[in-house]
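Q: So the chains spell out like this:
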Amino acid sequence: MTILECKNLTKEYYSGENVVKAVDNANLTFEQGEFTAITGPSGSGKSTLLHLLSSLENPTSGEVIYNGESLKKYNDNQLSILRRRRFGFVFQAYNLVQELTGMENILLPVMLDKKKPDEGYIEKLVDVLGIADRLSHLPSAMSGGQQQRIAIARALANKPAILFADEPTGNLDGKSGREVLSLLKYVSAEFGITLILVTHDLGVAEQADRVLTMRDGVCKN
Amino acid sequence: MKTFTLSVFAARDLRRRKKQYIALTLGIVFSMIFSSGVLFFLSCVDASLEENRFRTYGKQDALLLGTTEDALSRLRSDPKIRAVGAAHVIEKVYTDDPAKGSAVGWLDETALQLAYPILTEGRMPSAPGEVAAERDALLRMGVDAAVGERFTVAAQAANGGGYLESIYESTYTLVGVLAGKRGALEKYALNRNVVIADREVPTEVFGLPALFVCAGTQTAPGGREILTAYVKAADEKNADGLEMYLSQTFANAGEIAATPRSAAGFSAMRISSLGETGQYLSLILLAASAAGVFGAMDANLADRKKQIGLLRAVGATRAQIAGIFARETALIALISLPVSLALSYFLTKLLIGLLGDEFVFLPDLKTLLVSGGFGLACIAAASAVPLVRASRLSPMFAIRGAEMNRKMRKKRIRSKSFFSVSSLMAKRRLTFARRRQVSVALMLAFLTGLAALAVPTFLDSYRSSARLRHDFDITSDFGRSGDAMYNTAFSGYGYFTESDRASLAANREIAAVSGVKKCSVNLLLDEYGDYFDTLALRGSVRYQSPPFPEKSMTKRQIAEQAFAKVSPEYEAFREKLGFDRELFSAALCACESAALEADYGGAVLEGRIDMGKLLSGEEILIAAPLAVGYDVAWSGDGLAETILPLDGGESALKNRSFTKTGTLPIHAGDRITLSAAVSGLSFDDWQKQNAAAAESGKIFLPDDLRRIDREVTVGAIVAPEGRVFLADFSLITTTAAFPLFGVDRNYVTLNIDLAGECDAARNDEMTEYLAAFTAGKQVEIYSDFEYAQYAKQRLRATLVTLSGILTLLLAAGIGVMLNTLSAQLREDKRTIGTLRAVGADARTVGSVYFRQMLAVFALGGGGGIAASALLFFGWRLYTDLNPIETNAIRGAVRFSPVPAAALCLLLLAVCCAVIGGKKRRQTKRSVTDNIREL
Ligand SMILES: Nc1ncnc2c1ncn2[C@@H]1O[C@H](COP(=O)(O)OP(=O)(O)OP(=O)(O)O)[C@@H](O)[C@H]1O
Ligand SMILES: [Mg+2]
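So the sequence lines, in the order shown, correspond to chains A and B.
Note that my numbering has the first sequence beginning at 1, numbered continuously upward.
Note that my numbering has the second sequence beginning at 1, numbered continuously upward.
It is worth saying that the hints were derived from the structure and are not from the lab.
Take these hints with a grain of salt, some might be off.
In silico DSBU-like links for lysine-lysine, alpha-carbon gap of 30 Å or less [what the hints assert, rightly or not]:
#: 1; chain 1: A; residue 1: 72; chain 2: A; residue 2: 114
#: 2; chain 1: A; residue 1: 116; chain 2: B; residue 2: 416
#: 3; chain 1: A; residue 1: 115; chain 2: B; residue 2: 829
#: 4; chain 1: A; residue 1: 114; chain 2: B; residue 2: 829
#: 5; chain 1: A; residue 1: 159; chain 2: B; residue 2: 924
Same shape as in the complex, but just chain B (with noise of 0.2 Å):
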């Protein structure tokens, strides 16, 4: 006779519960999927910022411009560089201005894979008279060859350090079209010494190669090429160091330019802010995941209690009935391991796939061994509870059951004399199986709580993604540069003069460039009032400087303080230009009319828009909150002010206890005088001799400032949120008569149109061309092409993730409650028969189980909702409470009870179907077929 052993136990056990067992290797399958798809997609997030910064930058850690060959040779031996290459800069090739120029080079094998080109087009040089070009240099130079044309352009062949006068024709057929990596290395690794003015000598630019010809070209007679040297660290922690390393050991080897660490733009964003929401997502799957597997293992021993009460009667010791459900765990999960990593991989893999092409899926074998042995851990514990209390029970407790009279004592339970069947039956199930219902409750209100807060977050989003109006914005205005007193009073501010307008408008690709202007004037009151008192706490200029707060002051105290004293620079100003009454300095900001009637058409709160008293200067706009509202509060031992526009008028004001409110006390159709402070200084002398004096505690006032003043009538108040300028109150003029004002000025920002509409492949070609056209200013480029994709990309994204991880969630959800009620079903059958036997027809014994759903999902999916309301309404309330830190997100989440409450029902009724069709199949059976024991 064969010998009967625990583990053949076990398996011919595992034999007859293979139903459960398929249940139970599904969900560790989908917890485990869970798991490791979330280090697989965290992995891949990493990856894909890695190859980001590669594309934009290349993957060396520096380069070494205008190097020597001795030091080249030093650099190789150095045990703390891993790799060297070089690229051979042969000459600066221009059409006819030397300064949009490009240098020509050729790179060496290492330096060809430090330096990591992108083709977009076309190949790599292989012949002499080849080049393979990055687009922005063609486009800074305005060659317009295509791939296979051949191109003739002005040429000075290097000469070590910089460029012969001599000037020669170079002609090259393009064979390749390659990424620019140029701009961005000069924008975010070369700009430290760019000196704006001096763009002729930009070794720089001309020391790295954008134009790349076959390895070995030679300069021309009487020249000695550049050398450009690409370095990657030894150690890769350690490149952040290399910059400092090489800066001490080779000091005059050339200039050192250390590779951002970080990748930029909008990609990067995208993928970073993906990574970040991937690791919010992981940590709720992986509870959600470890809780379907201890769910299903608690399922399992429920289910087996009185056979480990029987096997433990019969002599089993407790390390024996452990060592059965070890195994047979250990035996599933080895079955489930292989077959979730593999899906975990594919799946991962397909999600990368459609997010989009600048996230790349390399997951290493590390990853995989990680996730593995997480997914194991997962499982461990997950089963070590119940493995733990199957080892734990006392052989009667476990055959009889005794636990239901511990709980019958202690939940008080009386006995009844006049009930009905179903409700009572139901009422009881819930009370001795709670565990198992508090369960499925959980992940029922995991499930809607989601719903209730993730769908309407979603869809909200999805609308509000509206389109932008203009193609592409360069500007340099950063925020509110126009609300001091004076320091844009000078010449030279903005950065876009009209001639480079003129320049952008001259490119066919471009149908229309627009521009924005601004400058600060001085609104003149009598007296503040509490509007303008609480705006001016919120501008950068304090009109007031009172003095830190006690901590036994009440809000109104501060409050009081606060606006009482009038801060000494705003004294010397006033007195410097001879002001009797109150100033309020404001930006006055310029756009052209068509821009100015798009703008702020829809958003007039009193008054009219009349184009062409504003295009004379006579009437001007204010786009400022009609009500705003001031409360103070300590925050720790800072103080937190805060400054609320209330556009909505009296009801936001009632929403809230303020410490203090006004009203715009200017209306439409009155007179106002603005007044602009002017100087000849240069901005940048301005900005280096008021730093001075902020160092000694003084305003600086240069000895020519002025003022201009000018009165004109208010047309209208417009609404200042979402519009062009963000400022809480600011004077809306037309280009036209912005010179009224004050002096004229440059543009800060230029808002660009395309001809015809825009795809990727122009939004790259522009946005190359426009880093060009603004190479070395302190300017920032905004694609709204670029933008709109974005937002569409991220909202596929989100609707892919979050779409793939509430099917998968809704999956294991049902999943799990299934697997929990059918096994109290099979449990139950000895009771359903009994029930039959004494006479219940098959409805009733429905009705026990619809009942026991029906309060199960009402605890799950109520309790889901009613989590989640809390937590939305509790976070809005703190958003309330802390405005100031919190006001930006508070807008992004949404919650709405209807598709929470939708998918509960959904639930529901999946639920119903199989448990009562599960149902159907006993009661069908004869009633002595299920009293039957096994």
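In isolation and in its complexed conformation, chain A is listed as follows (with noise of 0.2 Å):
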């Protein structure tokens, strides 16, 4: 089944007289509990493609369809319930609120939902990612790597039915980076979260049972 598809997909940055194409006419499709890896070198429009395709950037022309249902047709409310409940992403730059601890980071999504978290899943999530420690330290008191697998919990906490993650092991240690990653396969199998991911490590690419490679904005199979 279908989750997620971008048709036409396109954005354009202005910067003065040049036009830069981070994204030049993409038209995939992910199928749900897929694990796809983007790849490509760097400035080639990975991020930007997984921000257009998470609602966090409006594309230039195109559109992204979830469900069935295209994005276009969401309103702002709409797109922030989409947001914590349906999507987790994992920020290049891990994004966490500095004002909040690790655990309040993680349990944001959740929080913004009004809901109970699921306490057993959540602590499950932190043992795996090793984070047990750090959870009542504010950001600027971590380590990258640290920062970076509280972001990962963070987009974990709310089961969403798609992850979203530039570069989740940019910041670990191959062993780290190993464990996280089949955290993060593991969990998809388990809630049937669907995986994009955009890395530079081959291994992780491996891993995949899609990779698409971006070249100067340009998305090929």
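Join these two chains into a complex; the hints should help.
A: Next up, the structure:
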């Protein structure tokens, strides 16, 4: 079953006279539970594509279709609800809320939804990610890898339908990286989460069901 | 490639952060407007006071009346004297009463400059036969000529020291009318040795011309001009010593009269009271504006912490970082300095213009320079702290925001496992950005506190500025002159005779004149009791003369002792007149029936007013509080006795603990006996002999002192406060019945009502007329019109100043708050983006800010209201505990939380609207736009 697709998706950035086509006419489909890896050189538009697919960025043209419905029809509130219930996003630069502790950051989407957290599940996430001792610290007191793992936990906290991750293992050593990846694969299998992952790590890409390669905004299977 | 220096960086940064810098510059401009405006204003107050003094007395420091040519040339060559002018008096003129005449003369150029004549109409004379006259001189003579008309008066030529006997007629054409100066000089500069009875030879008056003819006019044949020197001291600071110097060096060169050094009258009062208010306000404003600049600079720093950290990381030194900030500040200051100076100059000018024409706007270059320097100093001081702090930041500390961790540990913040996002976020923001929130809250507290006190106080004073009853009062009654046992028992007490009254009433301008008479009588009592014991302590006659209490004594012991011992003076007086009952001395006040009705008709506490019986002397009124309370307390080494009239009765008594209280034992319908002590001695003689007796510690009782007793019925008890007779206990009768209680006397006060409405011109005329009428007497002239004008103007001035200041403050306050909040919003861009990315809707994000603002407003507004309430009630408590010193001011201040709350809500609405708009613009953009760092 197709959970997410995009049609003629294009994003242009204007910097003075120059037009940068960060994403150029992408037509992609993502099946439920599928693990997709996106690779490509730096500046090729991977992050931009991920932002567009997850509704964090508005496309210049084209559309994103989630569960058969164009996101164009969603208003801001509906998009917000979609983001906190159905999507999880791990940023390349983590983007933790500086004023909130690790645990609070993790619980953010759950709390925004005014739900009771599934404690066993969260505990398990924390356990596997190895961040149990950092939970009551502020992000500014964490290492880059720790922040990244908190960001992953946050993205998974609400058991999203789709997890978008922008180089989630970029700051981790090989062993931790593998552990995080197997966690991602495990939850995706357990809860049927669709994984869309940007990575430079070919080892990671190998484990994906499908690998997309980007070059100058153009996406190839 | 262009070299990339730090100043290039600073300039580029300035351009990039244009909006923030505009806000910062605006803040600085505001505070500089405050500080320099205040200085301008204060300098104008001084200038206005001086101008007022010049207009009243002239610019000279001293006058030498009846001087000689020789003395004039000696004066001119004296190094201690800067300028000497001469008035040449050629004759004195009058219509029928020589005592109401004035001197005619001309002033040389210097004298003209020093005398500073103020033309209200027409021009100065330029041809023989023309005259410009002070208005009160014309009034005094009864000359009714208008400008351009001719008038003829009787004249006597000057003969050097006085005037020739022979009388001739002088005819002049009136070409100008001047504001009166002679009257003021006569009253305040020349009244030292004025002999009232001997007004026929007032050389002082006649040496000072009030009618001016053209220069060079000669005396009539056989005469010789009287010379008066106008002298200005060389050293302005030494002007006070000039009189002394002249009396030593120019002892026989004429009658010396030093010009008063301070201005007088209502306008001077107004100017100086505004100046005082201005000083206090300026202090507050300066503090507020410094806080504003500080807040703006601080916000700017916080905005750029990360940048500073990065710069430090790539190797910028502390000095270089400080240099960037200093350069930016200097640049901003240089832009804002001329702008704010110009703005404050014109704003002050506008404000001064609104205040009325006794204010002059004369800021000098010095004030301008001082203002500028002061403004710069303010900015430098306010920016110094963030500057130093900026350069002290350690690189990683700044980049990572490690501050937060420290605060987290310090505040023991616990991680939450269940929370409302907006409320937790708001809470954390308040904790982590405390300083900034506190500065906003302080600003708010300041504004609301001011609103809670200033607005109700102003409204109250506006309401209570009621119109007064008469147009003019002239009075020699300065307080409680009627309350000694017998010191008004003498003939000649009171200044105004029936004929004075009649001559005033004959003036066509005056519709009615009513008089007030006063004497003291003794109320005979079987025993004093608590009420009279208490009241007696307040009188000028001590019926009791207790020894000074010991420090160890309790309140009650002090009180007991105070009431125990009867003074020997009292006993001597009782014995002399053979009283067997106790005496309580009270003022017997008499006014005309209409005035009595108007004053007391609405103030009856007990009984009724029967005008027929009051006129026949069958009945009398008692104006007194129904109850009084007494308290005594140590105040340092002194003893503070408090006697309060407790008009409210029981409830007022309950609010305070008194050592002693008493209720009035006399009621309407009671018969009382009043006894007046009278003597044939003149008031002046008595004063002399009494002073002599007092020196040897005795009381002076004239041989012919006798008593006149009279039994009357108390018609009514009336409330004493706010009425014509400001004594705690007085007896009220009509002028018709007044002689029955002793002997008839002169009036102490005449109340004057003009025919038709009074206006400014008529007020001036009448004041000058009355000044001339009462010349030489120890009399005060009260113009109720002027007072009402004064009250109105003062209110208007206060209103203008207050609302101007409040508006500016409000603007500045809103500016600072918005600046701070928007700086935060900018900083929060990334946070907002993140929250949105994990699924927060726009409302949740807005709610974070709303909660934050609500908290700050609750803190600031509540704090402001609480602080002002504390101030107000603390002050009340203080005045309750120390009523003697502070009673007068106590009533002036009011407090109400309503305007403060309203202001708070208004500000909240403004902030919500602006911040909400900004937030909306931010959430409208795509999420990554916000997350992406610059
Ligand atoms: N807001 C923006 N304004 C202008 N250009 C942008 C903006 N965001 C991205 N770009 C440009 O779009 C292109 C794609 O950027 P993107 O961040 O998607 O690359 P990427 O593939 O994620 O690179 P990396 O592997 O380094 O993370 C780049 O050339 C970038 O400079
Ligand atoms: Mg990227």
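Q: Confirm or reject each hint.
A: Going down the list of hints, with the structure as the test:
no.	hint	result
1	A:72 x A:114	holds (26 Å)
2	A:116 x B:416	holds (13 Å)
3	A:115 x B:829	holds (26 Å)
4	A:114 x B:829	holds (24 Å)
5	A:159 x B:924	holds (27 Å)
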